[in-house]
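Please model the entire structure based on the sequences and the hints provided.
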Amino acid sequence: MAYTEFSDAVLGFNGEAVLYCQGISDAVARGYATDYARLLAHRARGIEAQQPRIPTGLFEPNRNLIRSTLDRMYEKYFRGA
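Under the working numbering, the first residue of the sequence shown carries the number -5, and numbering increases by one thereafter.
Check the hints yourself; a few may be wrong.
[Stated by the list, open to error] When the alpha-carbon atoms are kept at most 16 angstroms apart in a straight line, the in silico EDC-like pairs for lysine to aspartate or glutamate are as follows: (1) Lys70 - Asp2; (2) Lys70 - Glu(-1); (3) Lys70 - Glu10.
No wet-lab data here; the hints were simulated from the structure.
Rendered as structure tokens:
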């Protein structure tokens, strides 16, 4: 992936992820989603990052939905990167 394509992918992912995270009404879930999106952005840049801690009060179905949604966004922008 060329630098400009990569930059466009980062901007696209970040923009879409921010809108998704801001749309989450529960503060605990929103914080987890933001942390997970940050992890994926670091991964795209080749930076190792730890999985975010699972906060108290975030139930597994919500966590799985957040992760699957953000993982799909990541694949959309960084497929094959």
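Do the hints match the structure? See the list:
no.	hint	result
1	Lys70 - Asp2	holds, 12 angstroms
2	Lys70 - Glu(-1)	holds, 13 angstroms
3	Lys70 - Glu10	holds, 11 angstroms
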